[in-house]
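> These protein sequence lines map, in sequence, to chains S and W.
Numbering of the first sequence is given in this note's numbering, commencing with residue 5 and proceeding in unit increments.
Numbering of the second sequence is given in this note's numbering, commencing with residue 5 and proceeding in unit increments.
Some clues are possibly wrong.
It does not matter which identical chain is meant; a pair holds if it fits inside one copy or across any two.
Subject to a maximum C-alpha distance of 16 Å in a straight line, what follows is the list of computed EDC-like cross-link-like pairs (lysine to aspartate or glutamate) [said to hold, decoys possible]:
no. : residue 1 : residue 2
1   : Lys-6     : Glu-317
2   : Lys-230   : Glu-23
3   : Lys-12    : Glu-88
4   : Lys-6     : Glu-308
5   : Lys-57    : Glu-103
6   : Lys-230   : Asp-202
7   : Lys-330   : Glu-37
8   : Lys-230   : Glu-103
9   : Lys-330   : Glu-88
10  : Lys-6     : Glu-31
11  : Lys-81    : Glu-278
12  : Lys-6     : Glu-23
The hints are simulated quantities; they were obtained by calculation from the structure and are not laboratory data.
Here is what each chain is made of, one letter per residue.
Number of protein chains: 2
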Amino acid sequence: MKAMLLTKFGGPEVLQPGELPEPVPGEHDLLVEVHACSINPVDFKMRRGAFGKGRTLPYALGFDVSGVVRAVGVSVKAFKVGDEVYASPTFTRHGANAELVCVDARTAALKPANLDYVQAAALPLVTLSAWESLYDRGRIEAGQTVLIHAGGGGVGHIAIQLARLRGCRVLTTAGRPESIGLCRSLGADVVINYHEEDFAQRVMRETSGRGCDAILDCVGFETLDKSLPCVAPNGQVMTVVGGAAGALRELFVRNATLHCVFMAAPTLYGINPERQGRTLAAAARLVESGKLRVHVGRVLGLAELPEAHRLIESGHTTGKIVLRVK
Amino acid sequence: MKAMLLTKFGGPEVLQPGELPEPVPGEHDLLVEVHACSINPVDFKMRRGAFGKGRTLPYALGFDVSGVVRAVGVSVKAFKVGDEVYASPTFTRHGANAELVCVDARTAALKPANLDYVQAAALPLVTLSAWESLYDRGRIEAGQTVLIHAGGGGVGHIAIQLARLRGCRVLTTAGRPESIGLCRSLGADVVINYHEEDFAQRVMRETSGRGCDAILDCVGFETLDKSLPCVAPNGQVMTVVGGAAGALRELFVRNATLHCVFMAAPTLYGINPERQGRTLAAAARLVESGKLRVHVGRVLGLAELPEAHRLIESGHTTGKIVLRVK
Numbered sequence: 005m006k007a008m009l010l011t012k013f014g015g016p017e018v019l020q021p022g023e024l025p026e027p028v029p030g031e032h033d034l035l036v037e038v039h040a041c042s043i044n045p046v047d048f049k050m051r052r053g054a055f056g057k058g059r060t061l062p063y064a065l066g067f068d069v070s071g072v073v074r075a076v077g078v079s080v081k082a083f084k085v086g087d088e089v090y091a092s093p094t095f096t097r098h099g100a101n102a103e104l105v106c107v108d109a110r111t112a113a114l115k116p117a118n119l120d121y122v123q124a125a126a127l128p129l130v131t132l133s134a135w136e137s138l139y140d141r142g143r144i145e146a147g148q149t150v151l152i153h154a155g156g157g158g159v160g161h162i163a164i165q166l167a168r169l170r171g172c173r174v175l176t177t178a179g180r181p182e183s184i185g186l187c188r189s190l191g192a193d194v195v196i197n198y199h200e201e202d203f204a205q206r207v208m209r210e211t212s213g214r215g216c217d218a219i220l221d222c223v224g225f226e227t228l229d230k231s232l233p234c235v236a237p238n239g240q241v242m243t244v245v246g247g248a249a250g251a252l253r254e255l256f257v258r259n260a261t262l263h264c265v266f267m268a269a270p271t272l273y274g275i276n277p278e279r280q281g282r283t284l285a286a287a288a289r290l291v292e293s294g295k296l297r298v299h300v301g302r303v304l305g306l307a308e309l310p311e312a313h314r315l316i317e318s319g320h321t322t323g324k325i326v327l328r329v330k
Numbered sequence: 005m006k007a008m009l010l011t012k013f014g015g016p017e018v019l020q021p022g023e024l025p026e027p028v029p030g031e032h033d034l035l036v037e038v039h040a041c042s043i044n045p046v047d048f049k050m051r052r053g054a055f056g057k058g059r060t061l062p063y064a065l066g067f068d069v070s071g072v073v074r075a076v077g078v079s080v081k082a083f084k085v086g087d088e089v090y091a092s093p094t095f096t097r098h099g100a101n102a103e104l105v106c107v108d109a110r111t112a113a114l115k116p117a118n119l120d121y122v123q124a125a126a127l128p129l130v131t132l133s134a135w136e137s138l139y140d141r142g143r144i145e146a147g148q149t150v151l152i153h154a155g156g157g158g159v160g161h162i163a164i165q166l167a168r169l170r171g172c173r174v175l176t177t178a179g180r181p182e183s184i185g186l187c188r189s190l191g192a193d194v195v196i197n198y199h200e201e202d203f204a205q206r207v208m209r210e211t212s213g214r215g216c217d218a219i220l221d222c223v224g225f226e227t228l229d230k231s232l233p234c235v236a237p238n239g240q241v242m243t244v245v246g247g248a249a250g251a252l253r254e255l256f257v258r259n260a261t262l263h264c265v266f267m268a269a270p271t272l273y274g275i276n277p278e279r280q281g282r283t284l285a286a287a288a289r290l291v292e293s294g295k296l297r298v299h300v301g302r303v304l305g306l307a308e309l310p311e312a313h314r315l316i317e318s319g320h321t322t323g324k325i326v327l328r329v330k
């Protein structure tokens, strides 16, 4: 079959027309005749060498597809030959920059009936990214304020709509007039032109200094760093960009979450202090039933507080140091 | 009343005995006669100047208390004078290094009936930290593998037990013989002596290369960085240490969560690929009902793939670029 192939890692010129053997569907696969595919930032990252370890070139990229099912694997029940489907093919085998592609049937769905193939091919990867970010991981709720970076981009323009559908107030950033117009037309409440003003200052002003309950970062790097002070207490950040930092990349490739747990937040910010009372009451029940025990490594008098500080700063204590006051 | 006071920021010697006016309980407060208090790393951090902005010295630290209720605020219904309680006083007023302390009644509970005041004072802050990390934020589940750093420490020794109670397999790190012994006695499945071996290598070996579903970091800095590659796909990290990095500190003081969303994870790791199919099916319903629309900024032929790469790399595209294949 015909394909556009990644012949070696490099610039756009390394993508060249060529031939690949027709793919053979595995047990859970659909063999899809590609009517349209779309492009995402991961395509140029992979073209430059990302996720390249152990990969044999030449290679077809393309991680969005719409088309018609031509064959199904032996375990596939949900689809039949002739179905019009859309999906995001996995990164680990040939993608949809070709006449045929295999996709795992479990990751596919019938394409929206009212869309043509071109429109349908635009949806899968960005919809999966925005949906997982806002609904599955972030669990955004009605009434929350959500900041979406690059609202005119692939993920961003879907995310604006998903956040609005959930009843959230949507702030978004965009730079070019077309992007700003698109964000407005999709229902963003506030569109911040990051060429004209500091987005962080504007976000804090728009939220009366509180920040946003959720921030979806589709840009990474400095945009992500600058966004962190714009998070409200108990808020969350979703990033779909691995970023430059080594630590963040480790979390990203694992699809992982980092919870920064600051136990003073309920009283400092006055948000649900009752949670702490409930927790201590529940812990008391566990202690009374012998299921939870506390280890006191050292007991001192209150006047020995400086010594208690020295001990805990040394890091050489086991369990807790307690001061008897009365 | 008598108190041990932070007279200026500095070493343990700045903590000196002194007098404070008796605190007056506010609307939601309990006035607690302090029988015991305990010490946590936040005490020495605040002694050195952390959270010091806008604070008037001298100051009583101490963010764990057990004692007897001597007065209640006008809105307090859940406690009465004479109740034996335990709580973690807020960071924003005088703490429990004193004869009396005010605590928000909503954050307090009756102390476990089977503990004396010394034991009860050891519990609040570390229990709240471990509980929020593992149960409220991390939502650990039976059968998961959890790594707890510094299992012999305050938060760690409670966390080991909470993770075991939830039915998790617990790996923990410790260095001194007493700490190792404590971790073993609390039911940790694997106790790693970080003086004797590389904890990350051991964790990967113990999990057959998969990593841990959840990691609770009570150490921060390099320990946190080194832990990230030990997270299993779709896993999570909870840190109770603000850490050195500016970005992480911004998240920490906000009690915030960072989700790193890598949409390829389900197919790369073979974990629940059905979620993507369900998401695309749900998105198709939204599109068909006119609630979600896609913006195609440009349509090219497959042979124009290099140009599509140039366009998306430029960052100057709106919505999606689609390639028509058939």
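> Now tell me, hint by hint, if it's right for this structure.
Consistency of the hints with the structure:
no.	hint	verdict
1	Lys-6 x Glu-317	neither (67 Å within a copy, 25 Å between copies)
2	Lys-230 x Glu-23	neither (46 Å within a copy, 44 Å between copies)
3	Lys-12 x Glu-88	neither (33 Å within a copy, 72 Å between copies)
4	Lys-6 x Glu-308	between (80 Å within a copy, 14 Å between copies)
5	Lys-57 x Glu-103	neither (25 Å within a copy, 64 Å between copies)
6	Lys-230 x Asp-202	within (10 Å within a copy, 34 Å between copies)
7	Lys-330 x Glu-37	between (80 Å within a copy, 9 Å between copies)
8	Lys-230 x Glu-103	neither (43 Å within a copy, 44 Å between copies)
9	Lys-330 x Glu-88	between (76 Å within a copy, 13 Å between copies)
10	Lys-6 x Glu-31	neither (24 Å within a copy, 75 Å between copies)
11	Lys-81 x Glu-278	between (49 Å within a copy, 13 Å between copies)
12	Lys-6 x Glu-23	within (5 Å within a copy, 85 Å between copies)
Checked against the numbered hints above, the structure breaks hints 1, 2, 3, 5, 8, 10 and satisfies the rest.
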